[in-house]
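Participant: Here's the letter readout for the chains.
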Amino acid sequence: MATPPTPRPTDSGDPQPVLEAQGIRKQFPGVLALDGVALRLFPGEVHALMGENGAGKSTLIKVLTGVHPADGGTILVDGRPHVFADPLQAQQAGVSTVYQEVNLCPNISVAENVLIGREPRRFGLIHWSAMRQRAAELLTELDLGLDVTSLLGSHSLAVQQLVAIVRAVDVSAKVLVLDEPTSSLDREEVAQLFTLVRRLRDRGVAILFVTHFLDQVFDLCDRVTILRNGRLEGEYPIGELTPVTLVQRMIGGELATLDQLSVRAHEEAAQRATSEPFLQARRLTRTGSVEPYDLDIHAGEVIGLAGLLGSGRTEVARLLFGADSADAGEVSIEGRKVLLRTPRHAIARGIAFCSENRKSEGLVGELTVRENIVLALQAARGWTRPLSRTKQDELARHWIQALDIRPGDPEAQVRHLSGGNQQKVLLARWLLTAPRLLILDEPTRGIDIGAKAEIQKLVARLAGEGTAVLFISAELEEVLRLSHRIAVLRDHRMVATLTNDDTVTPERLLTTIATGADS
Amino acid sequence: MSTGTASAAAGLTRPFATVSPRTRTRIPLIVTAVLLLVMFGVGSVRYEGFLSAQVVLNLLIDNGFLLVVAVGATFVILTGGIDLSVGSMVALSTTLTAWLVESHGWPLAAVIPLVLLVGAASGTLMGWIIHTFEIQPFIVTLAGMFLARGLCYTISTESITISDPTTAGIAQTRLYGPGGLFVSIPVVIALAVLVTAFVVLHHTRFGRNVYALGGNESSARLMGLPVGSTKIAVYAVSGLCSALGGVLLTFYMLSGYALHAMGMELDAIAATVIGGTLLTGGSGFVLGTALGVLVLGMIQTVVNFQGTLSSWWTRIVIGALLLVFIVLQRLMSGRRPAAD
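Here the protein sequences line up with chains A and B, keeping their order. The numbering of the first sequence is the numbering used here, which starts it at 1 and goes up by one. The numbering of the second sequence is the numbering used here, which starts it at 1001 and goes up by one.
The following block holds chain B by itself, in its conformation from the complex (with noise of 0.2 Å):
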């Protein structure tokens, strides 16, 4: 019982300790809020052109894949664990459809399911080993993400450009609303996604399972939940989210490629932190990791209109901004009591 060392080190670890716990939760959310408008802000008083409605959709159109990637991975999270294979899958997916769609000039609505399953037949799998050996997440799909990788290759090793003209007709399709503004087709497809993680997560059974998984695996199971087929479930939704953002990446693309999405899953991971999901699990809204995905794209697109700086500070914000979370993370969480 170190109640003396406790206090005196609350000042330091715990400066939210009189904010309601459930209002701490969000409080990552609204600083990831803020800090898009406060951006958006900045660059529309610093740039010409900045502050128009439509940067605000080209950031959707430019990372609606990443979005959908960012959902799958958000949901591992949720439960602790952790897919590092998702990019390696995105880019998988990219090949497959290129390659089924320009040399062997399957048609797309065939491809498509087929990806889809390829990425969620292989979600499952890796679930399923984790699972039932009861390894490391980082480990199993680590040698996911090799695996992946390592298959685009034996499919080409060169980048596939689809010239199939009904792929192209998608890709190039905008949809047009009031103003002028548009948003292309994967951006609807990223949004219907969102919205489905949201409803599943928080209206479901087995969203809440997520959840409980998340807080306390020990207690879930003794409480009597499937936390096998839910752990199972959750690899599996972010193998399907990845196979899905390497199709919508292929329509932004229009090519298939082994080197495509390196290090997405980083990014993706990086989207579900900033957007207040607890690395630890068991604590974040899908919502903020939209926000998450925003927050990058603006990085980008701030860095792309001051022109004079490489693309690489893109990556150096947003490792910097990924320090500041977690720290921001470990404040909002506090020491958790001890569990004797």
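Next up, chain A with everything else stripped away, as it sits in the complex (with noise of 0.2 Å):
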């Protein structure tokens, strides 16, 4: 790992820790989020916070910046404990944070996102001309030309987020949290990003870093805090981390390692292909969405869906789903013609659709646990048939011992838990209705490696049990690791289905995926 030219922080504490965490606790209701946490940041490091989903990452920040009073502990800056109302109490003290959605407004514009709030004026009104010049040599220090006249909105997430980034930085140079904010960049925006971390460490800046990506965390971070289920783990040199050993201590005890599915899985796909599918979808389209495909889907497959961003996976899924009406082509289940119009028609012949929008699509974060598990097999019964409470207690305690879903209170409100957790209630909701086709989207998209490596196990023991499943997934390897047989998906267009065996390697995937044609 480089070495900042900055002094390194000892355990003797010597230089003095520019933010000091200690004892913090925090309960929700139901759960206790944070159990006596320590954090130190030194100035002139980043430092990584790692845990999985649920391990308390979120609640240590929004505590640490005033956005949750602590319900126990105290907050030190530069010695003296501090104990921030609010975030511009946080701001004031030196902490300032980037959140992982841009916490900007879009309808003005980048120097006012800047500047708002500490904007320069004369006799009492803004001072526009020295506004967009202060703005514009803030944005130039750090390398970034932008028009700081122009609205934000009109910016690329990655942008808005540097943006974020500069005001931050402006508002208080000392603590700079930064949340997740690489999880919807791309490649060269996250070495775009971490080159403006990087010059702001060296200027003695101390920046707390959330990530989920592993490699992210070696590349940028000279140490590592690690919380496991609302308690430090420890606080370790990142040179004296492994990839493997830091996951270890993130989930405790050896790594859930996924079960490879049998070797045998080609051959029974083989065989399946001779048996009738559960679905066959014949030159489906709808114009603008995705072209005409056919796909067929066996009981007990598992059919990965690869393809970039935007290829129109989720779009395959949503004509199967009668979510979006099909122009075009026909679908057969069990060799019956049949007409998916509305999702209400897939559910009836037993399809279930995890969207990859678990808070905007699914799961409705005011309600319970509970009500949220009950909720599709309520609709799927209609309202005139109410589900028992002892019922639903019954159930969706059973589904939350079975998928593990943390904290384990069913009368827990669904917005308190963790990503990955969110996403086990979602795949709870339609488990309960026994589907025979799962589709599932994106279903492990920002959850952490261990509830991942969970999910992962959860559709190949369902497809194991006799359940048909389109998974799509960003990630190859994952895709490759769980399906029998894959549909490559390039501008909208189904351009190749293998096979999934040995000959079937990522980079044969990437080929298809980059030029359409199977190498």
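Honestly, the hints are just simulated from the structure, not real lab data. Beta carbons are placed, not taken as given, at the ideal position from N, Cα and C, and that holds for glycine. It is possible that part of the hints are untrue.
[Unchecked claim] Listed below are several chain A residues computed to face chain B (Cβ distance under 10 Å; list not exhaustive):
no., residue
1, Q91
2, S96
3, N107
4, S109
5, G117
6, E119
7, T149
8, S150
Using the hints, put the two chains back together into the complex; each one sits in its own frame.
Facilitator: As structure tokens, this is what we get:
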């Protein structure tokens, strides 16, 4: 690991940490999110905060930045205790945050977003030309050439994120918290962000970096603090960790390795090809969305959908679920022609769809875990036949246990759960309806490696029990590991369907995605 | 990621995708200005005596109070809120003014500050409730609307006509300009309010916070902006403006009555929307609101000049226009990318 030019902190605590949190405790209704967590940040370091989903990373950040008040513990900035009632107070003490979702206003200019609240003024009025000049200077300092008068909303998410960092650093140059800044950026944009972060580190800013990407931690960070189940697991210099030991410390105990799918997978698949498929799509199409495609899905089979973001993976699935209606082509289920005009039709025929937007299209954050889990089953039964409360409790408890949803409280509100656990709640909802075909759209996106492995195992198990699965993922390794067959999409066209045997490698898959031809 | 469907629907939902976002926010404003000119042009051709500067000034004379009320409404709508109480506040102000001046003989110089204070205070109270208890502004100001209208009747169920010479004197004063053109004192006040509002919205921190709050409230909070006080302040501004609008209406009508300004909150909202302010907040111009008020006044004028139409046609045209502008807004903003 590259050593920054600034003096390295040592365990004796010299030099003094710029930010130190001790014994932080935070209680949410039904959840003890943080229990005695400590964190030290030194000037001129990039410090990774790691942990599984639900380990308390987000909560810790929100406590450190004044979004949530802590229920216990102390926060010291430059050795002096502080209590932050709101983000403004944290900023005034020198702690600024850039959140995962860009928290700026798209409707005002770049210059205003950088400086709002601190606008230069003259005679009590905003001094616009001074403001534009100041914003341009700040952006240029960090090698960002932008028209500061343009509306923020007209720029890409990556640029908005960089603007957010410029703002945060200008507000207070002591501590910068970056909460999953890279999750929606592409490789080049990540490199640009890292350059910016390194430059800030060299200026003596302490940076707390939260991410799911292990390689980014080893690439960028100097020290790591690991949380597990709301507790402090430990603080390590990055040199003492390997990716494997890091993951082990995050999930505790042995790394839950995924049982490889049986080597007979492709033989089984070949066998199935002769039997009648559960679902058969022929020349199914929707103008402007996806070109005509054929797809057979057998019971007990996992079909992977591979392709770049926006290649039409989701659109293929939406047609099968009736979320979009097809312009032409036909679908048969168990040999009988069916019309899938709305999701209700699809659900009635045993098709379930876990959307990639778990927040906007799936879960109802204000409802409890129990209510979210029984939602689809209740809908399938119709509102005239309500599920009894006892039955609901029983179902919720069963699935919380089966999928290891944490916290295990059926009455906890879903919005308090971490991303991975929310995903499991969504899965439980659909599994409850005992679907014949389960469509999973990016079920492992944005969740940590432990939960990922669990969800992959679950998919394999479901297939083993005879459920057909359509598995959409941007991660090729995952698609390769799980799928019996892989359909490759490119520019809204299904370009190939590969039987997943030893000849299918990530390279071959990539070539197919990139060129549209199977090599 | 429904890129496919989005691009398929792009032709319908984002016809202005190639226009820069900043220009796009100005399109409704331009459309309104053009509409105003077209209406004036058509009126001038069709009706005798329509083509005169005094007709334009009369628009201001007849709608000065609405302009003031709509300016207040613009502040609220820019934050993404709504204030339904303004019409009732106007009525309450007229009743209170007339009652104190006529029945109690208070001097106007004491009554006006008091009325303005009442308006600002009630706006502050509603804003405080909205912010503190996180209640929909629609509901809180609906309650305010009933409350203020009801209070009018406790003062008087009858119309109170003002015979006080000072008030009548001010109301009837004409300020002459070149060419025999004239305006009333309320017009000057309304224009002063408009200019002040423009300066506040575009050149003060409070004004920019209003826009930021309308753009994204949680972002504004995380950026450390004073979200709570800004929110309360816009309702205070709206309350103050509606009280002032009420005072101006008192001059215009020379009476105070509980049935004055029925539905004026909707006129104010309509003027704001037609003037190009997004109901979702964060985008719009107070000068657009002035154009919106002029459009409403112009419709009324055209209907009057036509002579054969019932005055309800004004409402019908405003309704149709509002519909068009709301659809236009939708097209303008397009579909926002789903926030994940």
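Participant: Hint compliance check: list the failing hint numbers for this structure, sorted ascending.
Facilitator: Hints that this structure does not satisfy do not exist here, as all of them hold.
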